[in-house]
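*Asks:* Given the coordinates of chain P, work out where chain W should sit on it, guided by the hints.
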Amino acid sequence: GNSVTQMEGPVTLSEEAFLTINCTYTATGYPSLFWYVQYPGEGLQLLLKATKADDKGSNKGFEATYRKETTSFHLEKGSVQVSDSAVYFCALSDSRGSNYKLTFGKGTLLTVNP
Amino acid sequence: GAGVSQTPSNKVTEKGKYVELRCDPISGHTALYWYRQSLGQGPEFLIYFQGTGAADDSGLPNDRFFAVRPEGSVSTLKIQRTERGDSAMYLCASSSRDYYNEQFFGPGTRLTVL
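Chain order of the listed sequences is P and W.
To convert, note that position 97 of the first sequence is 117 in the working numbering; the numbers rise steadily by one, no gaps.
To convert, note that position 114 of the second sequence is 117 in the working numbering; the numbers rise steadily by one, no gaps.
Worth double-checking, as some hints may not be accurate.
Within a straight-line C-alpha distance of at most 25 angstroms, the following computed SDA-like cross-link-like pairs (lysine to any residue) qualify [what the hints assert, rightly or not]:
hint, chain 1, residue 1, chain 2, residue 2
1, P, K80, W, A5
2, P, K69, W, Q40
3, P, K69, W, D59
4, P, K69, P, A37
No wet-lab data here; the hints were simulated from the structure.
Remember, it's a predicted structure, so these values are computed and weren't measured experimentally.
Bound conformation, chain P alone (with noise of 0.2 angstroms):
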C-alpha cells in the first residue's frame, strides 16, 4: 500500500535559518505530491504541489521537487519567519479515477524563534 515517511520533530530553528524537512514515500503507480500546512488554532492548508517527476512545487518561499528516482519530496526554505511557525505534512494521492484521497506522514512540527 502507499506511504509517507516524514521527518521527525520537533525541529527548531532560528529566524533566517535554512530549512529541510525530508519526505519519502512509497506508492504504486505514478502519485501527485503534496505539503500541507497546519498553523496554530487552524485546519490544514494546502502550501504547494507536484503531480509528475521532476515538478518543483514553490509558495510562500517554500519548495519542493518530486523526485522519482529517490522517492522523495523535500521541503525546503531559504529564509524562515517565525510566521511559519506550525505542523508540515507531507502527503501523497494515488488516484482511481476521481478519487484522490490523501496519504499522510506524520507531521513535522517547526518552531522558528526571533
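*Replies:* The following block gives chain W in isolation, referenced to the frame of chain P:
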C-alpha cells in the same frame, strides 16, 4: 467565498453513545472526504463521496461508523456505540470537479469519548 465548515467544533460524549458530525463543503464541490487525525499523527482516510454516493469507504474502521451525503452537498459522519478509542479530530475536505487534486479542509470536529 466560504470554506469548508464543520459542526460542532468540539463534541464530548460518553462511551456507548451515538454521535453525528456534520460537514458543509465548499459550494459546488462534488467530491467530499472524511479523515480522522489522532494526536501526533497525520490524518487517515475514512470515506470518499462523489456526489451522493460513497465511492470508497475502505477507511472506515468498523461497522459502527457510517456516513451519508443525501443531496450531494452536506455530509454527516455517524458513529454508533462510541468507544474511547474513537477520540480524535475528524476532518472533512472537499474538492471541485475541475481540480480534483486540490482538497480544501475544514477546521475539524474534536471528538472526546469519556
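*Asks:* All hints are to be evaluated individually against the structure, with a verdict given for each.
*Replies:* Right, here's what the structure says about each hint:
1. K80/P / A5/W: holds (23 angstroms)
2. K69/P / Q40/W: Judged against 25 angstroms, a Cα distance of about 21 angstroms means the pair holds.
3. K69/P / D59/W: holds (23 angstroms)
4. K69/P / A37/P: Distance ~23 angstroms between K69/P and A37/P Cα, so the pair holds.
In this structure, none of the earlier numbered hints is contradicted; all agree with it.
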